[in-house]
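First to last, the protein sequences are chains A and B.
If you read the first sequence in the working numbering, its first letter stands for residue 2, the second for the next number, and so on.
If you read the second sequence in the working numbering, its first letter stands for residue -15, the second for the next number, and so on.
No lab work stands behind these hints: they were computed from the structure.
Do not rely on the hints blindly, as some may be mistaken.
Label-pair restraints from in silico Cβ distances [stated by the list, open to error]:
no., chain 1, residue 1, chain 2, residue 2, range
1, A, 293, B, -7, 31 to 37 Å
2, B, 98, A, 207, 23 to 29 Å
3, B, 101, A, 27, 49 to 55 Å
4, B, 132, A, 43, 39 to 45 Å
5, B, 113, A, 210, 40 to 46 Å
6, A, 315, B, 95, 36 to 42 Å
7, B, 67, A, 187, 34 to 40 Å
8, B, 134, A, 187, 57 to 63 Å
9, B, 67, A, 322, 44 to 50 Å
10, A, 187, B, 101, 51 to 57 Å
11, B, 1, A, 59, 31 to 37 Å
12, B, 220, A, 260, 47 to 53 Å
Pulled from the structure, derived: some chain A residues nowhere near chain B, Cβ distances all over 12 Å [to be verified]:
no., residue
13, 51
14, 86
15, 99
16, 105
17, 184
18, 213
19, 240
20, 257
21, 259
22, 260
23, 330
24, 335
Being a predicted model, the structure only gives us computed values, none of them experimental.
Positions of the beta carbon are idealized from the N, C-alpha and C atoms, including for glycine.
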Amino acid sequence: MITRTLLLSAAGVAALAGTALAETSDKRIALSNNYAGNSWRQAMLQTFQEVADKAVADGIVAAADPYTTSENQATEQAAQIQNMILQGYDAIILNAASPTALNGAVEEACNAGVIVVSFDGIVTAPCAWRIAVDFRAMGREQVDYLAERLPDGGNLLEIRGLAGVFVDDEIHAGIHEGVEAHSQFTIAGTVNGDWAQEVAQRAVAGILPSLPEIVGVVTQGGDGYGAAEAFRAAGRDTPLIILGNRQDEMAWWAEQRDANGYETMSLSIAPGVASLAFWVAQQILDGQEVPKDLTVPFLRVTQDTLDEALAATPEGSVANTVYSLEDAQAVIAEAQ
Amino acid sequence: MTRDIYRLMLPVVSLAVLLAATFWLQPRAMSYFGLNLLFNLAVPIALATIAQMMIIMVNDIDLSLGAFVSLVACVAATFLTDAPLTGMLILLALVLAYAALGAVIHALDLPAIVVTLGMSFVWGGLALTILPSPGGTSPDWLRMLMTLKPPSVPMAVAASILIAVVTHLLIVRSGIGTVLRGVGGNARSVQRAGWSVLRLKALAYGLAGLFGVLAGMALVGLTTSADANIALRYTLLSIAGVILGGGEFTGGRVSPAGAVIGALTLTLAASFLNFLRLSPDWQIGAQGAVLILVLAARLLFTRRSARA
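Chain A on its own, in the form it takes in the complex (with noise of 0.2 Å):
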């Protein structure tokens, strides 16, 4: 009796899972992570984790394991990919210390069969799915938003974050495409905010007093609060400052809404990426065909979002959403 109760359910879910999901009940994924350490990457491995934790219980996939390196190193995270070949997983979704120094693990990975789903921070290995954030569209929405709201234009501060990282880059070459669509704008100067707020205080509060006056700040995430604190401490009026979905930041922002009418807006990407990287890897390894590369859709707040966004962020973290296996399938619908 029990076991036919057992196969009977056992039947029903299989029914319920349709066949894309029998197709990977037996196939092992693991996560390898190359930092744990600000509010956006908890997010994300707690997001990745809540998901993984989903897809094993109803039976989509045999395991899903999350993996970071201690030292947020290449070579360290390099190692840990082989490792993973070596523990036989099938698909390996990455988010990477470089876009290049992994490349030798990635076509070791490759040539042993396994699948890899590269995510926020790329790799350029052909054989590598890439799941792309488009950063330099990132920097160019800041300046067109900017040149909506402020016409007359004015003298911007920049706000960059690691030095030697892509990510940077990208988002520092956006931003000059930007100003230089909207030539009303110049920027009078640059630091370097390490995407940390108690990093970018410093920075922008070493820099400003050499600053004429500045109407707006671009910045790149996680440094906005940091640039709000300076321009007050140093007595100045607060520009416009682009935000970047941090919890600190949009309670700083629906602070000064509710004093002084001040507008702004704030995007960033989910740390819920990982889950979008999660069901791609899942499609592959279905048989599905899917492109090489995929884009990630920003997620904004806007004045009128701010309340619900800040609603549903805790303290200390950043704006998510959590991907579903249809939202996967719509961003690799997108790209074919």
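Please arrange chain B on chain A, whose structure you already have, making use of the hints.
Same frame as chain A, now just chain B:
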């Protein structure tokens, strides 16, 4: 001679124990393919460890090695591919710069730890200038060399043995190697014997530069391209490798074969912890614990042999 064997025994035993534990945990590693995957990234680390050993041999320490190897990697992935001759010349100039550094440190009696720390920013800045964003491609011959599949012995193992044998002959067996170790042991008596300590120190640093260059090239051959921050962790790994391999910070007491084994052990320890699925928060701590464990064992050994 017996002391040398003692010095080498512990690193060999630690590597064997760790290897056995890894095979038990991950039987797939016990194959030609598996050994290569486990150890191929240890080859550049082994070369960097030998470079560090050359400096430690003359009682100094090099805090710029990781940045230097990164710079070499950037040169190898750009100039060496596009304009091989210019690339070679730059690499040669880098080796000479290292030798000059050794001479300056000795002539002005500067603390090497400070000079090399300063140089690490110079190397890092140069690397960023050459390769502002990650990229470049490895020269084909380098890629081919690092992905060779020799019969029966994986490339990583063959290369490690080769490095150990060559440096053993150079440092332990040859006359000049003995004199170089003498600089670390007792520079004054080397000087009295009629040698120029300045030149010897320049030679030791030059050798370190040479092996640093080899490390950077091997790394690019494996990764296929470079990044200005690619090898920063090699500084500490190489120091740990020398010590783990039975070397000591003073007295010219170093072992090339031990240093290679030390580098392999460190690489393997990281993989082992990975296979254990230890949380990354604990991994650095656990790596430290492995180091302390081996060093404590060494202390016990040396005490016992001193008593005997």
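- Item | Minimum Cβ distance from residue 330/A to chain B greater than 12 Å, as the annotation requires | 31 Å, holds
- Query: Is it correct that the beta-carbon of residue 86/A has no partner in chain B closer than or equal to 12 Å?
  - Reply: Check fails; 6 Å does not lie beyond 12 Å.
- Non-interface claim for residue 335/A, where every Cβ of chain B lies beyond 12 Å: 28 Å, holds
- Quick one: are residue 98/B and residue 207/A within 23 to 29 Å, going by C-beta? 26 Å, holds
- Message: Tell me if the beta carbons of residue 101/B and residue 27/A are separated by a distance inside 49 to 55 Å.
- Response: 52 Å, holds
- Item | Pairwise beta carbon distance, residue 220/B to residue 260/A, judged against the given window 47 to 53 Å | 49 Å, holds
- Message: For the hint 31 to 37 Å, verify it against the beta carbon of residue 1/B and that of residue 59/A.
- Response: 41 Å Cβ-Cβ, so the 31 to 37 Å window is violated.
- Range hint compliance [Cβ, residue 315/A to residue 95/B, 36 to 42 Å]: 48 Å, violated
- Since residue 184/A was said not to touch the interface, does its Cβ keep a gap of more than 12 Å from each Cβ of chain B? Nearest chain B Cβ is 26 Å from residue 184/A, so the label holds.
- Item | Separation of residue 99/A from chain B, once the least beta-carbon distance is taken, above 12 Å | 4 Å, violated
- How does the Cβ-Cβ distance of residue 293/A and residue -7/B compare with 31 to 37 Å: does it lie in that range? 51 Å, violated
- Between residue 113/B and residue 210/A, is the Cβ distance one that fits in 40 to 46 Å? 29 Å, violated
When each numbered hint is compared with the structure, violations occur for hints 1, 5, 6, 10, 11, 14, 15 and 16.
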